[in-house]
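Trainee: Given chain A, put chains B, C and D in place with the hints provided.
There are 4 protein chains.
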Amino acid sequence: MPGNTFGTLLTLTTFGESHGPAIGGVVDGCPPGIALSEADIQPYLDKRRPGQSKYTTQRQEADRVRILSGVFEGVTTGTPIGLLIENTDQRSKDYGDIKDTFRPGHADFTYFTKYGLRDYRGGGRASARETAVRVAGGAVARKILEKLVGKRLKIQGAMVQMGLHAIDRRRWKWKTIDANPFFCPDAIAAEDWARELDTVRKSGSSIGGVVEVIASGVPAGLGEPVFDRMDADVAKALMSIPAVKGVEIGAGFAAAQLCGEDNADEIRIGTRGKPEFLSNNAGGTLGGITTGQDLVARIAVKPTSSILTPRRSITTTGQETDVSTKGRHDPCVAIRAVPVAEAMLALTLADHLLRFRAQCG
Amino acid sequence: MPGNTFGTLLTLTTFGESHGPAIGGVVDGCPPGIALSEADIQPYLDKRRPGQSKYTTQRQEADRVRILSGVFEGVTTGTPIGLLIENTDQRSKDYGDIKDTFRPGHADFTYFTKYGLRDYRGGGRASARETAVRVAGGAVARKILEKLVGKRLKIQGAMVQMGLHAIDRRRWKWKTIDANPFFCPDAIAAEDWARELDTVRKSGSSIGGVVEVIASGVPAGLGEPVFDRMDADVAKALMSIPAVKGVEIGAGFAAAQLCGEDNADEIRIGTRGKPEFLSNNAGGTLGGITTGQDLVARIAVKPTSSILTPRRSITTTGQETDVSTKGRHDPCVAIRAVPVAEAMLALTLADHLLRFRAQCG
Amino acid sequence: MPGNTFGTLLTLTTFGESHGPAIGGVVDGCPPGIALSEADIQPYLDKRRPGQSKYTTQRQEADRVRILSGVFEGVTTGTPIGLLIENTDQRSKDYGDIKDTFRPGHADFTYFTKYGLRDYRGGGRASARETAVRVAGGAVARKILEKLVGKRLKIQGAMVQMGLHAIDRRRWKWKTIDANPFFCPDAIAAEDWARELDTVRKSGSSIGGVVEVIASGVPAGLGEPVFDRMDADVAKALMSIPAVKGVEIGAGFAAAQLCGEDNADEIRIGTRGKPEFLSNNAGGTLGGITTGQDLVARIAVKPTSSILTPRRSITTTGQETDVSTKGRHDPCVAIRAVPVAEAMLALTLADHLLRFRAQCG
Amino acid sequence: MPGNTFGTLLTLTTFGESHGPAIGGVVDGCPPGIALSEADIQPYLDKRRPGQSKYTTQRQEADRVRILSGVFEGVTTGTPIGLLIENTDQRSKDYGDIKDTFRPGHADFTYFTKYGLRDYRGGGRASARETAVRVAGGAVARKILEKLVGKRLKIQGAMVQMGLHAIDRRRWKWKTIDANPFFCPDAIAAEDWARELDTVRKSGSSIGGVVEVIASGVPAGLGEPVFDRMDADVAKALMSIPAVKGVEIGAGFAAAQLCGEDNADEIRIGTRGKPEFLSNNAGGTLGGITTGQDLVARIAVKPTSSILTPRRSITTTGQETDVSTKGRHDPCVAIRAVPVAEAMLALTLADHLLRFRAQCG
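Residue numbers (the numbering used here), protein chains in the order written: chain A, 131 to 491; chain B, 131 to 491; chain C, 131 to 491; chain D, 131 to 491.
Next up, chain A with everything else stripped away, as it sits in the complex (with noise of 0.2 Å):
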């Protein structure tokens, strides 16, 4: 296959560029029978959606979804699911400067040595635009699992780290996200982080940070080794989310500090009866396979690429020249990869179940 596609059972095929006419995808693999309507994939695109406080890019996009195939009297049908979303604000004056330039940090050198040529608005086919698609399949994603898992299976994310600002775990209240335009679960965090960004941006500069997905409810057995585990394909699908430079499962890279018996995870019979781990350094995953514990992931996020400062480059010509960026951007892109890590997260676990099913069902 081609690079567009994501997952095995469950397919999220994605095309579409910045400023082209729209984006869109296709869900495949969907089971019928599920209830769908577009209003159960708007909030999610609301949640990533620019342009809803100062600390993201103002570039207005309604990124109203439609569904086009399908779904049929309010269900699953079986059948390609097609997703459309128009593009409407598509300025492409602000990046006809850039035209011949390629602005360090972005896809602009490389799109450019690998296609001979490239859609230079916006960053085209390399811009974070892309993401709303794999944000609308993720939440098919989310009523597939809900209908074959219920609604204990939660995939929720969290910015734990901004710049050289971590939160305080002790402080972590999952509700405290939605009180703040950081998706910061630590509510001081949260107003540091603000005066932080504020600096950030007004100077036109840009910083990094630290996302943490968690999916809880995740049933046991998911996985397929030896190279489809679900830590591996976990590991693909949020290193394929733009800016993200890493990614960790469980105790991550602390885990090569630890000894054997301080990372092992024991295990009892707990309450209910039923195997308990005892702690979770293993992030929810032994030999590639769900434990039904919470896997956990983090990822980094470099810092914006566009920024005000000039950054030493070169042109498509091979002449050297000076970049700075003056058009709408993100200070913290790290903030708004929280919603498409979620999604990401969702379209593995549900492409993960569907397979389980197939060979173990």
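Keep in mind that a hint or two might mislead.
Since the list gives no way to pick one copy over another, a pair counts as held whenever it fits inside one copy or between any two copies.
Unchecked claim - Within a straight-line C-alpha distance of at most 35 Å, the following computed DSBU-like cross-link-like pairs (lysine-lysine) qualify:
#: 1; residue 1: K404; residue 2: K277
#: 2; residue 1: K404; residue 2: K229
#: 3; residue 1: K277; residue 2: K229
#: 4; residue 1: K404; residue 2: K273
#: 5; residue 1: K273; residue 2: K229
#: 6; residue 1: K332; residue 2: K229
None of these hints come from the bench; they were simulated from the model.
Treat the numbers as computed from the prediction; the structure is a model and nothing was measured.
Mentor: Coordinates of chains B, C and D only, in the frame set by chain A:
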């Protein structure tokens, strides 16, 4: 596809359990006309092979690979390459006592939960033994890369941290990795590690580590957005290695702490008249496509779960028990992850090279 | 992959129901730098479009295709090409009466049995309407082939038999196929067919047919043994077209009657100093790999299942009933299978051309 | 995927050349808990094995299969099943004289053209020898079907035509196929064929044939529109068998001659209160999804290309020459295609059964 095939155009399909008669695999999609014999593969297997120092498991496996097909008169024919490695040192008796017990940190619980039964001998399919076939496949991938790209493309791995002890990067010498049993590029760190690991080993404990793999001389343009980005596929490839809990590319998690100005890899025209990046925070990939710079990835490897100190666990019938592992095991499994990580990177690059030729060749 | 994607490296993913808002698809893996616009696709859609003669259904669909992505300044960019065709003439009311009935010969029974529900409007996903997107995808494939192979590669289809009436191959003229509404290469047969089909049409009946598709100028070497042989993939491509019940390559079923001496396509050195086959019983493929001769395939198309004469059937609730179809339908659906078969052959060849480049390029 | 893997969820990846050390393969995706041993596979290999009558090649191959993995204590574990068959009777010397010659009708020319070199010993990868692994894989698929569907699902093949001589279907008896060396269900036709084939064999000639494979007891609902329809995947599966030139389902090419009234398979409620089709022109599939009726496919097999009478050809260096084959060969290769066709149908059905469970299970 089920989970035991890696790659899209150049595929490695593997089979085999730790204590079955043999392990092996099939490399399909290999271009024709490439010189290949067992002698091209064996050195990499020898590098991974256990029992070579006191710091790895004392299991003795010859790991002799046989090429069963796909090579005629010394060169590949374009047909699938069958690879076979007989298991010789299968002390199954060592494992009888864990037949009904889930060893903490191992895949015993998840395999049993997923499949309803498991080959308990030495971890069965979940044993790190399967990685020998990855190494064999990686050796074939290296030959492909050498033929199609040239000797300038090099893939090398090193261990850069053991437990809390990281190397000093200023002392990095590639030659040093062959001069100690840890693939450590820092001679002084290697001495410290030897002392440290002696203690760990004698106490029947284990310790984690970090491995870095670098591919230099990689052509620009490899990687298939938006899902099969080079970084996403490298993340999957490396996270699929047993015991790996995190993957980062370039600056990785450190990028989350940077501002846009510091993270940007500026570009100039180099002395040879070609584009030259002034830093490599991107780790050789932008927008999921290689830049031509070094492709740099790091993985976190957890400590071996098999340790002497008893850990609490349960049996397959739900009885609580304690588990202590007395078999032959690696005190620091990160060491042997080095050649495996190299192999997975080689397979990923060769696969993407063929994908590039298909679309843009 | 679920079932709505065709191809390996050049893929067409389609969606859409007969009476939904739109049908469409995504072509992924298209090489960059190929001139492409709606004007390259529309003529093929027009060829397949219903309502053009009294011998095809009177449904009126403009079948206007929009390219939503993957093309910039008139050329492909290497990113996925989104295609959209709005449905305009959706007389759903025609279908209300078959809502609860399984029409014999149609997919009503199987869709309902498989998915537990079905979009009954006009056959839903099982309608031949979905083939419009195949034709659009095939047009893109033709552009790829033209760019990579040249204009010498031609893909043409013809109807060679209607019911019991086969053409006389000695009268075959390619120009004739545009001079009658049957894509018939034999002018005299076309006249007979017109009379015959008038009778069929007026009686509310239908009739089957045989379509032949030929690709000439195909490079030798395409096809991936042992499973993705060119003949195997052509067979799948053509058998996936609605109403097709048989596929043969070259001499096809006649080969079963031949002895080895008569079947062998002998080889000589031609006048241009290149290998030349003296016959083409193989139909352009040996061992699943193209020989460079014409690739010749024929398909059997069953008569349209929608007929006026009542046929015995049952309802979704298990009541016996009789079904008679009064809606708009094709008396000989084989006619419109011609452009669809051409499209599927184009997609198959373009996909295999990219696969060839990957491994042997 | 490269071309040596068949299937989507249940895959068979094969390797091996006619005169290499071994042939083999990997079955991946097999559900756990299925009783399996070499004894389940060997009878099917024996059925395909050459040298069993004077009507098949006199090459003597034991075709002993070894299961190398994926089975523990007599049942499948859900991990990949490695299969190995050593080549024992490799009279390579027989083939030295065709080293530089393209045998008409064989894949010599195309393999050489595609790959630039070829393993000329006995046809190398293009030899029908590779089908032994398909038969082994098919035996595993049968066990899966038996476990998941039950013994009512039966897959049986028969030869129904040899050269110009077709069976009389009124004399069809399944028991008869074991009573003659042709898998012929018509005892009288079998006698005719014996005489006919004696003549063919003694004259060093060969003859084509038609094979029919029938799966009865297939659950309704299998098949994945619009591209991975059951009929499309069966067509691919069967056309991928060496020497097959045509595939038809149900009425097949005869359907092209029918009117809608005659072709329609009417439906009634049967004596057991379940839907019952009154005929089976559809061959067990409507809209690409199984109906529950017998799945019926026929394949045309061309005559063996290896014959004694010299045929004109050329050498690898472009010299004209004549080719006459004196090695051990099948006078009617269609005979041995019977167990191979059964195996491919079994693999296709088992794969689609798992796909059904995934989406609709």
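Trainee: Within a copy, between copies, both or neither: which one fits K277 and K229 at a CA-CA cutoff of 35 Å?
Mentor: between (47 Å within a copy, 26 Å between copies)
Trainee: Can you give me the call for K404 and K273, within, between, both or neither, at a CA distance of at most 35 Å?
Mentor: both (27 Å within a copy, 33 Å between copies)
Trainee: Treating 35 Å as the Cα threshold, decide for K404 and K277: within, between, both or neither.
Mentor: both (24 Å within a copy, 30 Å between copies)
Trainee: With identical chains treated as interchangeable, where does the CA-CA distance between K332 and K229 reach 35 Å or less: within a copy, between copies, both, or neither?
Mentor: Within. Shortest intra-copy distance 26 Å satisfies the 35 Å Cα cut-off; inter-copy 61 Å does not.
Trainee: Can you give me the call for K404 and K229, within, between, both or neither, at a CA distance of at most 35 Å?
Mentor: between (60 Å within a copy, 20 Å between copies)
Trainee: Within a copy, between copies, both or neither: where do K273 and K229 come within 35 Å Cα-Cα?
Mentor: between (41 Å within a copy, 27 Å between copies)
The structure meets every hint from the earlier list without exception.
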